[in-house]
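Residue numbers (my numbering), protein chains in the order written: chain A, 1 to 208; chain B, 1 to 291.
It cannot be assumed that every hint is accurate.
According to the in silico footprint, chain A covers these stretches of chain B (three or more CB under 8 Å from chain A) [unchecked claim]: (1) 38-52; (2) 151-158; (3) 166-177; (4) 255-267.
Under 10 Å between C-beta atoms, here's a sample of chain A residues computed to sit facing chain B [to be verified]: (5) LEU117; (6) ASN145; (7) LEU146; (8) LEU150; (9) GLY179.
Derived from the structure by calculation, the hints contain no laboratory data. We put the beta carbon where it would ideally sit given N, CA and C, even for glycine.
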Amino acid sequence: MGRIFYAALLGWHLAIIALHHVGSAVVVLRDTATVSQPAAERILHVLDRFRNAYVVRHYAHYTGTAIGSGYFAPQVGSHFHVSVSILDVNGRVQRTATELRWATRTGQLRYTSFRQLFRGFVVREDAHPDGHAYEKEVAKAIGVNLAHPLLDSLSEHVVTHVRAYRPPTLAEARLGKPGALREVYRDTACFLKIIQNDHESLLFRADP
Amino acid sequence: MKAFFFERIHNPSWLPTLRIGTGIILLFAYGSQFADMPMLYGTHPFIRPELLTVVDEVPMVLHHHAGMPAVWYVLLCIALCLGVWTRVVAIMLLLHHTLLYTALPQLSYGFDYFCVNALLYCAAFPVSRYHSLDRRLFALAPSRWATPSLRALQLHLCIVYFFAGTLKALGATWHNGEAIWRAYQLPVFTGVGYVDLGWSSAYPLFWAALGWGVIVLENAYPALMWSGRIRPHWLFATLALHAGIAVTMGLYAFSAMMILLNLCAFHLPYQALSKPGIRGTSKPAPRPAAG
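Work out the full structure: start from the sequences and follow the hints.
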């Protein structure tokens, strides 16, 4: 009886692991055009029915099996930077901040993992009906975080840049060419200087 | 099949190694990010929490400041290493990891998921039956579930490596070496042993060979790890890959976890049973089990 129970449990566990790996494989097959888009979508639709089942979803989450092995596959992506420029009322750059300061390497790795969501900016804007609203909101939030300690009463605008860094290819490196840093998104926010009880505070407002 | 899953005798030293190694790696990983915890998960996060997508099946997200204090987490890791109330401790750590790290997938990376896997196995496998305080306190006998547990871990790793290799094989940049070159050049991935290999761009075949090497190593893993003759060599190559990733790319915790899982799955179980200090086998075996 124990063996039958074990066999059933092991079969279930491995099936959940395989289900999520197959799912990520089909996404890669679709993205690399190895499998036609409609065929891949049909397969994903079937897989999602299983993956989204209540029991499967919870089991996969609490056992760490809700993930595929697609890291660095089928290709290695770009590295995204978020930086801010603080401009005065005349549009002159007062200060710049290039990155959040992380005390530990793991913190930096988690932040790097998070910034991968900006790869959506590399895709053409009109390909997405939402216009990457979420990514824009995130870029703005990080920009505000970066800028806040640097703001003073002379500051007027905060420009947030999201840039994608692509290292040189082997051929480019042979020719001594550096990697390419390309701006993929820019956002400008202005803020109000509020003076209350002789205390000046800064309040961000919407795009100018 | 029945013999494969239930009857073959393997050295059980992999079980306490999995438990102790997991506890040590969790401690190391926690310490290595402790200073950034408030900025990642705490009261002053770098981004408003409402902008983070929370996995919807999670009932709550454990925030660093509100949930488990650092001392409590460290004590749980030490308890896991010592093997005190092992299953309970492993389940508590597993919940901590799923509610804090994997609940926010945007801030997590592969290491977090392998941690949860390892903790699941510490909770489910008879890891407390060997070299643990539980064994002394509760007079636990060696378990007959050591071999079935080993098969679960081995098959899990086979699936992971097979798909990792297959997905890389689908990318043209892995064939010509551009992918591995590019990964090496990304500024965030620089470990203590990182050396500037810019000069090697003149030798693209070197990078292509590395790319194909990784594809073949990972794809053939599930087939070749069962062969008694090839296993040590393939395992050595796999460990070298992960050690290389740690030293050159700085993914220390991830590499340490992968090395631990590989050693537990395909090295320690095949060591001779007669070694001193290995207690708790259900039956003595004249020689290491092959295959």
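Right, here's what the structure says about each hint:
1. For the segment 38-52 of chain B, the proposed coverage by chain A is satisfied: 6 residues have a C-beta within less than 8 Å of a C-beta in that chain, meeting the threshold of three.
2. Counting residues of the segment 151-158 of chain B whose CB lies closer than 8 Å to any CB of chain A gives 4, so the stated coverage by that chain holds, three being the minimum.
3. Remark: the segment 166-177 of chain B is confirmed as covered by chain A, as 10 of its residues place a Cβ nearer than 8 Å to a Cβ of that chain, reaching the required three.
4. For the segment 255-267 of chain B, the assignment as covered by chain A is violated, since 0 residues bring a beta-carbon within under 8 Å of that chain's beta-carbons and 3 are needed.
5. Annotation: interface hint on LEU117/A holds; nearest CB of chain B at approximately 6 Å, less than 10 Å.
6. Because the closest C-beta pair between ASN145/A and chain B is about 6 Å apart, less than 10 Å, the hint holds.
7. Using the Cβ-Cβ criterion of 10 Å, the hint placing LEU146/A at the interface with chain B is satisfied: the shortest such distance is roughly 9 Å.
8. Residue-level restraint check for LEU150/A is violated (minimum Cβ-Cβ distance to chain B is 15 Å; threshold 10 Å).
9. The restraint placing GLY179/A at the interface with chain B holds, with a minimum CB-CB distance near 7 Å, inside the 10 Å limit.
In the structure shown, a violation is registered for the earlier hints numbered 4, 8, in ascending order.
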